[in-house]
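Here is what each chain is made of, one letter per residue.
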Amino acid sequence: MHTIRPLILALLPALALQTSWSAAQQIEIEDFPPASEPRVAPAEPKPETRVLPSERQWSVPDVQPSSEGAQESDVLLPLRPRSPQGGETAGHRLQGEYPEEDFWLFLPRAIDGASLAITTLSSINLLPDRSHATVLVNGTEIGSVVLENFSAAGTMLLPVPDGLLTAGRNLVEVRLEQVHRVFCGPDASFGLWTDIIAYQSGITVPRTELGLDPLSFIAATSAQLAQGKTFSLASDSYAQVLNASPHVARIESLYEGLPPEITVDDYYRVAEQSPQLARVTALPEQYSVPDLPRFQRGGDGAIVLLTNNGQAQASEALLARALGPMPAGTSVPEVVPGKRQPLSELGVSTLEGRGHYIRQAVPFRLPWDWLVLASQRAQLRLDYAFVRDLPKGALLLVKINDETIRLLPLDDVNQAGRRLDPLLIPFAANQLQPGVNEVSFEALVPGEPADAACAPQPAPVFQIFDTTSLTVPESPRMVLPRIDRSLASLDVSRISMSEAAQRTLPLGMLAQISSIYVSDETAAAVSQDQPPRTGSIKIGIPADLSMIPGDIVSKNVAELEEVLLSPPTTTGQVVDPWAKVDSRGWWTLFLDRHKATDSLRELRGKIISLWRGPESDLDSWLLGRSAEAMLVQPSMETPEDLWLIVRPNTDYERLVASLVDMHQKSEGPKGQVSLFGFDGTWQVWRSASRPLSLQEPLTISNARAVVGNYVTLSPGRYIAPLFLLAIGCALSAMGLLVASRRRKK
Amino acid sequence: MKSSSSAQSATSLLLFGVWTVLAVPLLFLASVPISVSTQGLLALVACVLIYGLKPFVGTRISVRFVVMSIAGVFVLRYWLWRAFETLPSLDDPVSLIAALVLFGAETFTVGLFFLTALITADPVTHPRPEPIRLSDVPTVDILVPSYDESPELLAVTLAAAKRVNYPEDRKTVVLCDDGGTDQRCTHSDPAISERALARRARLQALCDELGVVYTTRARNEHAKAGNLNAALQKVSGELVLILDADHVPTPDFLARTVGYFAERPRLFLVQTPHFFTNRDPIERNLALPENCPSENEMFYSEIHRGLDRLGGAFFCGSAALLRRKALDEVGGISGETITEDAETALDIHARGWESLYLDHAMIAGLQPETFASFIQQRGRWATGMLQMLILKNPIFRSGLTMAQRLCYLNSMSFWLFPLIRTIFLLSPLLYLFFGLEIFVVDPEEVFVYILPYLLIGFMVQNALFSEVRWPQISEVYEIAQTPYILKALVETVLRPRGASFKVTAKDGSLEHAFLSPIYRPLTLLVALLLAGLAAGAYRWYAFPGDRSVVQIVGAWALYNFVLAAYALRAVFERPRRLIRPRTAVSTPGQITLLAPTSEADREAQDVTILSASPEKFQLQLKDGTQEAWTAEHPGATVALVPTLPKAPDLETALPMTISEVRSGVEGTVIELSVAPEHMVQAAQLTAHVVYGDSRRWQFFRKFHSQSSTLVAGLLYVLAKSAISIPQSIFDFARELTLRSGRPEADDTLFEDAFTGATKGTQPNPVLVAETNVPQASIPQADGYLRIED
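Protein chains in written order, with the working numbering: chain A, 2 to 746; chain B, 271 to 1059.
Next comes chain B alone, as it looks inside the complex (with noise of 0.2 Å):
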């Protein structure tokens, strides 16, 4: 064994040899300054290179290889070309200093591109954990910290991790309230106060009921780190499953999970990832169809796969497995930055702890249900990275691998977008209006450099992420996002102690239509872009000689603005219903009128649930039972009872007041309102009909969402964007004549979370009938903790 490791070590250290030494011309060929011929030639082959080896490259990992090796080879010619023939001369030193900030600013995005090849040259896909014996099993308890959520959603999420497949006598759920801590009883605001109590009183309820342990603190310290750290000296748990509130476990989450502890004993955490059953603001606000895949599938999906396969995948704050023990080494969850999970990973893994990514979501969350509180949850992760970075620089942390330093700098780097694209954004305009310098290039150099270097980078990050981000769907994004992440990174480079935490609100509902309260920063970029455009177009008239400079800089103003401009209707907020809602259902059940006027109302009624939640249902009537159902019976109170052979604790009857009867080719769809002292039940019942699954979520990440060519991306985005410019035109109009009056929303009530019924939602879509899933994982007969499929 010993002799097969020196040998494995020898091979790696001769290979590392070899490619030290082809590496060393390599960068020497690459620096070398070439005509422009030559280059052009050079970025012929390599675009056709790429092009033709582009779809292999997620199926062959040679293939892979060999495609980022050429584009790395290219991009990192592209940067010695820049920064030995590109930059102005010292007689102007302006020009210079745009030039060079520039300069900057590609070669953070170089240096990117480099991360990123590492990271994603090889992601990990775990096989399933040994089943453990269940007597072996560790002890768990589950944490859901909370600050001011609402009943209604905690419920949900408790009942749901009570529900996780896990012997009883080893799982602890606790619910870790920030929101009643006796800071805040005993506030001197009485408004606070008095809420604090009443939330306190009704979380304990509640706890009670679900049969939760109920935790709070004397003072509200250090934000959720701090609350968890609590909570942390109440229980001796030897793993700790840490959950957001809004973030409702499914049943399998431990038996896909506590055996990689078994198997690893240095393993300290295991990462999943993080589903939501809504759409983020941005992607509804853009209309972006629903197969295109969310913001966060890239990460989840690749990115973290890769960081897996370097050692450094990271907490993300939820949905996560951890060992106490790990924990209790760096005093628990760090609360230095206020993005306390990557910060506490890092204190970990720099004590030598292993991590692993599972990619296979298991948790269903919100996302946030505003442009301004997305805006405000991104600005928190970019801050707390940021902080990270300042404080804790992973390159000098001792304790680290070189591999998870590049990879913690990879993850935080990747905040400094906001930084990075201002500087590509207002680059040229620095030559449209001032007429500096910034990049002193021919026009053929850039058919030759510029073109190639991005349409490079274009078909290496298709080829990479096809599956799962559209082409320019990132830049457009960071665009929206960059006029206000800007500001945040800027107070937290001056006072990087200075962040607070702020809690992203989640479960508020879009009612109507409105222009988001934030929208100034944004629309003042998109109309500076504009204006560099004008400035291009007055320039091009006035220095003719200046006009193929004007070209090309334009050319790049242009995109800048036609990126932006679609980027702009993320100000627009818009209620849009999903046409294939992901928390809707199917569940056979029965309803039974409670005070029936007639004989026929006696009878139960075949149903099938297709929305639930704690306060609200949506059943559809089976055929031929329509008749006896019409709309003489809102304000009555029924019984559902729910046909869950697999849950047959769940089958009791749930008291429930009809609100609206609708009948149409489709059949008879019922509303249902669920009394306040029955929302427990619902929300039990809810957490199983809902969010019983994982494999529901994994259909929508993995097969629902659809890839999209290089060309076909581009187009749609260009597409988009033409659109996009008369719309806003038109929205901002109708605001400033209707500021008096709301606008009508353009699309009916967008319900898509737990916390409301799904009122409006097409009743069409069936996954996968209850009757027909398994439970994911139960302590079986065997005495097993198993994954079932």
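Next comes chain A alone, as it looks inside the complex (with noise of 0.2 Å):
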């Protein structure tokens, strides 16, 4: 065995935005062992990937800078947030009158001395006198950033004080206060936004701060990945690439937010792009050294995560190790069926709503076997309060899953300024669904007056106690396929793509779409009601559709071509936060010709779901529908396999965004067939044939409650049977009464 110092080339991965050739780079290693059979092939050019921008995308940061000057300038380590929109290079968007959001700052190591900076572009509606960013780091507030750029993004310093930045993660809170300054109420509150623009806004450290250690390779990576640019994978083998897919998205998981995107792409290609700050490389199959992973310096600068090909294991735990455990307090809550759990129980404290449009959202989460679709009722106990003097009309919806149960006013003044009795608000336990589910608060306060800046208001229009608590019926443990339930299946290693997909799609998609699952996997230890991880799925393209065996595509291939395929429809309404709250009487109907139309088209489709059930067909359904993706359910005997179809040359970050989002949120795929829409929601379509399995044996106690979710499914079956059985019984009463008869006589 001879020792050779090989040259090895990396080629620099495309940008994500434009894929170019880019530079050449170097790495140096040594005790390099020999290649048996040294293969140099020249990498093919990849099809350039367009992404389109997403709507709120008008611009993307030219930050190129020089191979030399990059090498030599100070890097900013950005701020990276929590919960990811999408377009994240654009600016992260916080709407309302007091937003919130939480960023990670990845730092190598604890910097003293530094300034953060802060970013923002806000709307012209701000008030800039009374509008400003009030900014926290690591718990600890370091100053307010006053909200006055309006016409192009600016920046402020602001001075972090020793000690509070430590290596690793850093949590930054940024609250905003906005006052419109025209107008004042609920519809205001919508004209008010800022964009946080995330990477330019984090803390600058000379480059020589990014040594060769997992930190730094992670704060790199992630200033990297907040200039829009990709996080590099170079290998020779795309099978490995899939294979490692799980490891890889590990990896990303790390970052937590949006979910890094990867470019793979081929060993031996020579890149020509501007220096990246990190990126990784696994060396060919043939080759193996013993003691990678570890970080290099590449040609260009960059932190190289060099590994063996086929040992991403090593290099999630090398960074795992060094970024440390997830703070806790990150995963949604479980609420205990058959048991009255208060706020605090979930580990959510008392809320409060300041504003105009508020909305304060608790996400839980039910067991997956937790199924109730009839009758049943759950209860909220709502111990809560509201301040003095709110304008007339002020009112506060409590919600489940996004649906009223509740409507109460906060403009009574014998009842304002105190803490009221607890408020019991049944609600149909079928509003809520295995999975995540979310309990929101919904406060609209006029402006008094409407025409004029909001005066300020020190006190919270209204706290929700952590004494307030949830009660879940119980249910027997019965599952319904559904896409949800399968994503939270989901065994990471079974996410693959067609070959169609792997043509056209990114192959970083994989590792990206991987790792947001990850988390579910490691939840898996712990919750008993996580279904086996059997699921999968294979991301497509629409010409995949046909191939898909199952019912439900092969019934419908054209349909869902076309809703693929056809143009963007947007429903463009204006959010009108009143839609939703009618305080006339039903007898408007009389008065209002509109209403009554739309009462009465109302009327009709709930008489003929009656007999339909709620559910149409999918052709039907499908109709004149569009979408950027669609999740799939191919087929109720597999439900756990699902197929993820994307338009081509889509901006699938905000796909990957609402994915993300739905750990989080209630709202998401769901049925059998849900539509990603241009609008960044999902339409979702159920099966009427959804077939319903009992996870636990039939007993007399659940028995009621089974048979009442079956028949829930298929009214059919249950009427029929109810009124034979009723009418067998009034023959056989009538021939008791005959007989009685001849007995008299």
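Worth double-checking, as some hints may not be accurate.
Said to hold, decoys possible - Covered stretches of chain A, as calculated for chain B (at least 3 residues, CB under 8 Å):
no.: 1; region: 405-417
no.: 2; region: 716-730
What the hints assert, rightly or not - Quick partial rundown of chain A residues pointing at chain B, CB under 10 Å, derived from the structure:
no.: 3; residue: SER345
no.: 4; residue: ARG382
no.: 5; residue: ALA386
no.: 6; residue: LEU397
no.: 7; residue: ALA740
To be verified - For each label pair, taking beta carbons as the anchor points, the in silico distance ranges come out as:
no.: 8; chain 1: B; residue 1: LEU988; chain 2: A; residue 2: LEU693; range: 40 to 48 Å
no.: 9; chain 1: B; residue 1: LEU988; chain 2: A; residue 2: VAL558; range: 54 to 62 Å
no.: 10; chain 1: B; residue 1: THR281; chain 2: A; residue 2: GLY717; range: 31 to 39 Å
no.: 11; chain 1: A; residue 1: ALA362; chain 2: B; residue 2: ALA812; range: 24 to 32 Å
no.: 12; chain 1: A; residue 1: ARG594; chain 2: B; residue 2: ALA812; range: 28 to 36 Å
no.: 13; chain 1: A; residue 1: THR598; chain 2: B; residue 2: ARG850; range: 49 to 57 Å
no.: 14; chain 1: A; residue 1: GLN432; chain 2: B; residue 2: LEU828; range: 48 to 56 Å
no.: 15; chain 1: B; residue 1: ALA812; chain 2: A; residue 2: PRO129; range: 34 to 42 Å
Calculated from the structure, these hints are not laboratory results.
The model shown is predicted, which means the values in this text are computed figures rather than measured ones.
The C-beta atom is built at its ideal place from N, Cα and C for all residues, glycine as well.
With the hints as a guide, dock the two chains, each given alone in a separate frame, to form the complex.
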């Protein structure tokens, strides 16, 4: 065995937004084992993937410093939003009067004497004198930023007290107070927004601070991602990349927020692109270096995580160890059915709502095998208070999964200003679902006056005390096929791409999607109701539809394709916070022709749905719809197998962000077909023939609830036997009567 | 024969097994929680089925069973839903208690629904009994208990009893006078003793004249039961016919009933319906149309026939024939409660005797004339029934069949309606006034559970009782009685043995309009309901978040108010004459002036008797005779000779004095008054011409009354309620302003009973001409007791 010192040329991957040939780099590695059969093959140029900008992306930062400059200049270690919105490089939008957002700031080491840059761009509607952002670092307030950048983004530096910034993860909280300069009220609050330009916000450190260690690597990649660049993974084998995607996914999950976009590139390709801050290079299969993975400096100054092929697991462990465990409290709390659980027990402290349109939500999770379709009731025991002197018409909507269950007036002077007696709000338990649910408190406070800037209101409009509790009825362990449940049962190693998709979509998408479900996988150990990890997703493109087995797709291939290929349709409706609050009585039906027409249509729909069931046929449901992507559960027999069909050339960053959101929100793909629309929301179709399965023995105690769930799905199977039995009873009773008549005679 | 019986038993057992096998899964399915949409579909299907089958319920028993079965399933499902889904949680104990009270009331009504379904499943119509040889007919004692009724009233009853077709040697009519007892005759109060002595003497004379046995006793103990028992000790007939003092029998009573006793040796009771010649005060004050069935018709036309089917026909105090042997077995008429009739029947049923109900009215009586006396009567019934429920609960009484237990339970528990109605009336107010959550329900559930439940209840009630009860009239009656009888119920629960028997005054007559002295409780109730609506309006305005609940509860409160506002009319006593008097007759006769002043006056004039009573008669001159009879005759004495070919014994001259002569387009009508010395003769004539044919009562019961559809009935009550609100406000205002002077009656004098002349009644109705009226039953020449039509 002899030692050689080969030069390994790693190809720089293309930028996510503009793929181009980039400059070559060199990495020197000692004790590099000889290749048995060195194989040098020129890389084929990958097809250019052009990403459509989302609605909110109006510019992409032009940050392509020269290689020389890059090595010498300072590096901005940026903020990384914890709740992804997609299109992160454009800015993270915070809307409303008192929005808040948490960001991660990854630092290679504890830094003293630094200043935190906050770059903002705000709506012209903001009244600068009274609009500002308060910034906290690791729980300590470090200052306030005036929101006065209306025409162009502006940066303000806030000195960070020494000792506050630590190595690794740092939590930066940004709390905004935004005041409309002309109007006041719920409608006005929708016109208030500020974009935190995350990639231009953060701590600037000399590049030399980024050493060859895991934390520096993470900080560097974070900075690189924030700038809209991809995370480069160089390998000579696409197959190996695909195989390694579970481990790559776990690495991605360390970053939280939007999973890093990975560009998989050929190991032997010379890339002509701007220098990078960090990347991963996997040695070709034929090489094996004993002490890998380790960090090396790339020719362009980038921190290169060098790893042997097929040893992604070691890299994952290395980085995870350095970053430490995720802070607690990020997962959605689980409500135990049959038990009254106060918010405090769910880890939620007293909620305070400020402003004129307020939405405070508490997500919670129900077991995946919890299922109530019938009329059982759950109950919210609301412990609340609201401030005095609120304008007339102020109200609070209590919602479950965005459906109002109670409307509470906030303008009652007799009740204002004190903690009220607990209010019991029963609601239909079938408004809840297995998985993530949400109880939300939405307040609408009219402006007084509505045509002037709001007067300062120091006290919160309402408080929902942490003694507020939720009681969810128990249910038999039952399961209905649904996409979100299948997603929760995903085996990350079973996420794959179809051949057509491999040719069309970026390979990094695989790891990106996988990383979303890594956290679920880790949660599996503690959750008893967790479905077995047998789920799979195959990522495909519309051309794959015809090859997908299962009734749901095979009968509707053309319609499904049309949905993905038809031009975008958006409703373009203006948000109307009062839309669902109709304080007028039902008798106004007779006065308002439109309302009467709508009500009649609604009634007709309800009557029709009585006979047909609430679920329509897929083909008719798909009519007139368009989507960027769709999640499909093609077969009820194998509900754990899903397909994610992505429209080519789409901005899948928003798709990914939406899927990440599923962990915290009740909205998202469900049912059997879920369309990801151009407005970033999911439209769900549920099959009428979903098989219901009982996961426990049928007993006397659970029989009613079990049958209740079954018959709710198919009313005909309930009503027909019921009446047949009734008629049977009637006839036998009549027989008894006739017999008794004879006896009397 | 034996093998046939065992085969029938096996068949019954098999059918019961099948029923059980089907009922168990049915019960389970009915308890299953389902979604609102599924329930909506169920409600829709059930309502459509019941509505479609409703017209055939009365005629086809199979349809009746199917409809009741479907309705039963829905009602059961509703109740289970209420139990499982709609009660507030333990977090709010005050609301929970209120909700449980309401749920208890609903449970009661649901139970009553199923009992009613059972009882009305197969009402019995008995064929006529076989004729009995006259020599074999049993001896019958006709007992007429009396306390303070007038001799005129008693005279008619006793005269009619004497005219009941039955061999004279086998029949004894006995007046059981409790108003002339030794105790009363020797009362320390001289006024009482004087009255009692005079009464005793007068009634003894009356009985002598009529050939009736007069009895009285030493002490007034155990009220009516004691009175009858005292009389029973003095008679020994095999059968006993008991008649209230105002219950005038028709001659065919025994002919239609005695035969059943011969056919069924274990039969102890044949009960017949009570028919009333006047309208009850609620019916009258509410101005219900004359073709609206009387309140008691539901019981006598449907319920009692159903009770009979289950072996639970019971004694209603009068118009019933009882076997003496059975009475003796239980020591005579029972007297532990103040409803001695039902109590006696219960005691005898418990010894294995059978009863029978014959749906053919053969007595005509009087309803209480005023709302106050009506309430007193109903209070007594309610108290007595509750006493029985407490002291002689049929569920735990040995000797009864299960069906009989349920029959008695149904009859007794019906009288808990004031409590139930109070809960239904006040429950919405608990929310409207205090915000108590009495019912956890979503607006959608109201449409798929509550409204269909109510609708099905209405439809079933209408289907079963359309001929005998208009929709919502029961509710109005119950509300009108609720605030009064509730007090009696509470007192009975507190002191079950403390109640005393109070005789209902019946022979008064309403001379003018006035506000009932007991108007306050009902008025307060209506005011409270109105205040509830005002509170609802305030809550609607003040609590926008509660508007869906306010709508639901407000609708409920409005429904209550609509019924209560109409029921309030009951306290405004108004004489209203009947367009078609039930006692109107058309009997030919002749009158002759006893002291003629001219030759023309000597001639007998042909007349038609329009009305008759022991005190007054009303005649119409035949065409062509008006000229001779003018206003100059008032004060003259005439002799009336009725033309009664089938009762020649009554074709004797009855002297009377002309009190008024009226001439009009319909001819000349003469009012005549009867001198006291001729009262008995007049009573005998009255008994024959007015009360001589039971088919007259059947006509009013079965043909004159009209049925009503559900929609028409609901609209009728709604409209009447809407009109009644301003009427009541006006009447109250008038009452307050005219306290010193009584308001004028809004109608002319109402007299419909035989205790007074039918002054002012329309002379037009001619139901059955006397000449065409065959004697219902007379001892036949062939020696058999037969019923002849």
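The hints, checked one at a time:
For the region 405-417 of chain A, the stated coverage by chain B holds: 5 residues have a C-beta nearer than 8 Å to a C-beta of that chain, and at least 3 were required. A count of 11 residues in the region 716-730 of chain A with a Cβ less than 8 Å from any Cβ of chain B is obtained; the coverage claim is therefore met, three being the minimum. Restraint check, SER345 of chain A versus chain B: the minimum CB separation of about 17 Å is more than 10 Å; hint violated. Restraint check, ARG382 of chain A versus chain B: the minimum CB separation of about 6 Å is within 10 Å; hint holds.
At a threshold of 10 Å, the smallest CB-CB gap from ALA386 of chain A to chain B is about 15 Å, leaving the interface hint violated. A distance limit of 10 Å between C-beta atoms decides the matter here; for LEU397 of chain A the minimum to chain B is near 8 Å, and the interface restraint holds. For ALA740 of chain A, the shortest C-beta to C-beta distance to chain B is roughly 5 Å, which falls under 10 Å, so the interface hint holds. Between LEU988 of chain B and LEU693 of chain A the Cβ separation comes to about 46 Å, which falls inside the hinted range of 40 to 48 Å.
Roughly 59 Å separates the CB atoms of LEU988 of chain B and VAL558 of chain A, a value that falls within the hinted 54 to 62 Å. In this structure the supplied range 31 to 39 Å holds for THR281 of chain B paired with GLY717 of chain A, their Cβ-Cβ distance being about 34 Å. Taking 24 to 32 Å as the suggested C-beta distance range, the pair ALA362 of chain A and ALA812 of chain B conforms, at roughly 28 Å. Taking the beta carbon of each, ARG594 of chain A and ALA812 of chain B are about 30 Å apart, inside 28 to 36 Å as hinted.
In this structure the supplied range 49 to 57 Å holds for THR598 of chain A paired with ARG850 of chain B, their Cβ-Cβ distance being about 52 Å. Remark: the range hint 48 to 56 Å for GLN432 of chain A to LEU828 of chain B is contradicted by a beta-carbon distance near 30 Å. For ALA812 of chain B and PRO129 of chain A, the hinted distance range of 34 to 42 Å is satisfied, since their beta carbons lie about 41 Å from each other.
The structure does not agree with the numbered hints 3, 5 and 14 stated previously, though it agrees with the rest.
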